[in-house]
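Peer 1: Sequence:
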Amino acid sequence: RRTLRFLEQELLVRREHRREKPPPRPNLPEADEAARRPHTYSYCCIDYAQAIDMTRLRLHHMRKKLEDHVQEKAVEQMFVCGVCGRKYSSMDAAYLAMNGWQCEDCQVEVQREVGNTGTAGDDEAIRLHKATMRDLLKRLDGHISP
Numbered sequence: 001r002r003t004l005r006f007l008e009q010e011l012l013v014r015r016e017h018r019r020e021k022p023p024p025r026p027n028l029p030e031a032d033e034a035a036r037r038p039h040t041y042s043y044c045c046i047d048y049a050q051a052i053d054m055t056r057l058r059l060h061h062m063r064k065k066l067e068d069h070v071q072e073k074a075v076e077q078m079f080v081c082g083v084c085g086r087k088y089s090s091m092d093a094a095y096l097a098m099n100g101w102q103c104e105d106c107q108v109e110v111q112r113e114v115g116n117t118g119t120a121g122d123d124e125a126i127r128l129h130k131a132t133m134r135d136l137l138k139r140l141d142g143h144i145s146p
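Oh and the sequence shown: position 124 is 124 in the UniProt record's numbering, straight run, nothing missing.
Keep in mind that a hint or two might mislead.
Straight-line C-alpha distance at most 16 Å; calculated EDC-like pairs for lysine to aspartate or glutamate [stated by the list, open to error]:
| no. | residue 1 | residue 2 |
| --- | --- | --- |
| 1 | Lys64 | Asp135 |
| 2 | Lys130 | Glu113 |
| 3 | Lys64 | Asp141 |
| 4 | Lys87 | Glu109 |
| 5 | Lys87 | Glu104 |
| 6 | Lys65 | Asp141 |
| 7 | Lys87 | Asp105 |
| 8 | Lys138 | Glu67 |
| 9 | Lys130 | Glu67 |
| 10 | Lys138 | Asp68 |
Ranges between beta-carbon positions, derived for each pair [what the hints assert, rightly or not]:
| no. | residue 1 | residue 2 | range |
| --- | --- | --- | --- |
| 11 | Gly82 | Tyr43 | 52 to 62 Å |
| 12 | Tyr41 | Leu128 | 54 to 64 Å |
| 13 | Cys44 | Lys130 | 37 to 47 Å |
| 14 | Ser89 | Gln9 | 28 to 38 Å |
| 15 | Ser90 | Asp135 | 22 to 32 Å |
| 16 | Ser89 | Arg18 | 49 to 59 Å |
| 17 | Glu10 | Val70 | 25 to 35 Å |
| 18 | Ala97 | Gln71 | 20 to 30 Å |
| 19 | Lys130 | Arg18 | 29 to 39 Å |
| 20 | Arg134 | Arg86 | 25 to 35 Å |
| 21 | Glu16 | Gln77 | 50 to 60 Å |
| 22 | Val70 | Ala97 | 26 to 36 Å |
What the hints contain is simulated information worked out from the structure, not anything from laboratory work.
All C-beta atoms, glycine included, are put in the ideal place defined by N, C-alpha and C.
When you get a sec, could you build the whole thing from the sequences and use the hints?
Peer 2: Below is the structure:
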């Protein structure tokens, strides 16, 4: 049930509810009308057109995110204090440069943090991460035909 509900929320499966009478059984007495009442049955089927559209949309978003990551469109440089964890945006860079790149709270030198990679200032790690993203993008292009 949980899996079907998840697939229904993701618009991959369509569900229809119907009230139907159960089929007649020969050994059931006529007086037992409780067993002859209509019951609600749920039928599920794959909505292929919707499933294909949703899959293409997800692949498009994944491709767009990889391209943005490789081209650094969505990457904003952040600076983080190693002691207190306070984060500074690239807008605060001028202020940090005047103070010797030190945190306002604990006076410790801040380090550069790049985007969502989690790497702080290591250019080799950033280059390796971008190469991995380019490889993923090429593999995605190889598997998906237009």
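Peer 1: Next step is simple, just say for each hint if it's right about the structure.
Peer 2: Taking the hints in turn, this is what the structure says about them:
no. : hint                         : in the structure
1   : Lys64 <-> Asp135             : holds, 14 Å
2   : Lys130 <-> Glu113            : holds, 15 Å
3   : Lys64 <-> Asp141             : holds, 12 Å
4   : Lys87 <-> Glu109             : holds, 12 Å
5   : Lys87 <-> Glu104             : holds, 11 Å
6   : Lys65 <-> Asp141             : holds, 14 Å
7   : Lys87 <-> Asp105             : holds, 11 Å
8   : Lys138 <-> Glu67             : holds, 10 Å
9   : Lys130 <-> Glu67             : holds, 10 Å
10  : Lys138 <-> Asp68             : holds, 14 Å
11  : Gly82 <-> Tyr43: 52 to 62 Å  : holds, 58 Å
12  : Tyr41 <-> Leu128: 54 to 64 Å : holds, 55 Å
13  : Cys44 <-> Lys130: 37 to 47 Å : holds, 43 Å
14  : Ser89 <-> Gln9: 28 to 38 Å   : holds, 35 Å
15  : Ser90 <-> Asp135: 22 to 32 Å : holds, 28 Å
16  : Ser89 <-> Arg18: 49 to 59 Å  : holds, 56 Å
17  : Glu10 <-> Val70: 25 to 35 Å  : holds, 27 Å
18  : Ala97 <-> Gln71: 20 to 30 Å  : holds, 26 Å
19  : Lys130 <-> Arg18: 29 to 39 Å : violated, 54 Å
20  : Arg134 <-> Arg86: 25 to 35 Å : holds, 33 Å
21  : Glu16 <-> Gln77: 50 to 60 Å  : holds, 52 Å
22  : Val70 <-> Ala97: 26 to 36 Å  : holds, 29 Å
Going down the numbered hints, you'll see the structure goes against just number 19.
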